[in-house]
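*Asks:* Sequence:
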Amino acid sequence: MQNKDLKRRIIDISFKKKLSHIGSCLTCVDIIEEIYRIKNNDEKFVLSPGHAGLALYVVNEKYYRVDAEQAFEHHGTHPDRCKKCKIDCSTGSLGQGLPIALGMALANPKKNVYCIFSDGECSEGSIWEALRIKTDNKVKNLKIYVNINGWGAYQKINTVKLINRLKTFDPTLILRKTKVEQLPFLKGQNAHYHIMSKSDYIIAQNILK
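Oh and the sequence shown: position 97 is 97 in full-length UniProt numbering, straight run, nothing missing.
Hints listed in this document are in silico derivations from the structure and should not be mistaken for laboratory results.
In silico BS3-like links for lysine-lysine, alpha-carbon gap of 27 Å or less:
| id | residue 1 | residue 2 |
| --- | --- | --- |
| 1 | Lys177 | Lys44 |
| 2 | Lys39 | Lys179 |
| 3 | Lys62 | Lys16 |
| 4 | Lys39 | Lys62 |
| 5 | Lys16 | Lys86 |
| 6 | Lys138 | Lys110 |
| 7 | Lys187 | Lys156 |
| 8 | Lys177 | Lys4 |
| 9 | Lys177 | Lys187 |
| 10 | Lys62 | Lys83 |
| 11 | Lys4 | Lys18 |
| 12 | Lys143 | Lys44 |
| 13 | Lys39 | Lys167 |
| 14 | Lys17 | Lys4 |
| 15 | Lys161 | Lys140 |
| 16 | Lys44 | Lys167 |
Produce the entire structure from the sequences given, and follow the hints as far as they go.
*Replies:* Structure follows, in structure tokens:
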């Protein structure tokens, strides 16, 4: 399992603050960390699934020494644009992060812009409109990662069909299939809404040692 330190931090804060969206945070954090390893400090990053904001906070803590728990207390679940906290974009309304990132990339074609959106967000038409505009205008400085965890807010996603559609729209998309099956209390749709009990927390601590 990658980035156990970051995942332990997510688990610790989630338990302390009684947070849900744990599955989204745990499946996003490896992708965010991957992006931060390659992006320059002056290049922007947009986390379209804002409910995974805690994953962004813990990665910012690793790279910029911005305390993740304090960032959560300041911003809450969904991140707001904040220079001090190293957050480039306010997100939370699903499907809106990618169009914003596209605008950033068009406004400054000399700088890369990185964006994550989730498979669940593909129910939003704004995702497909932004992908069409990106490909039609040959926007090469927008680097898009897709978190394919197989679940939307209300149902399981047919990831085979979705991946084929995404590749048809934009072959340059970086697709990452993710899961949180190592934690037994985060199964299926429950991974989105579950709030950890004390026993869940102990199990997670042992798995993430």
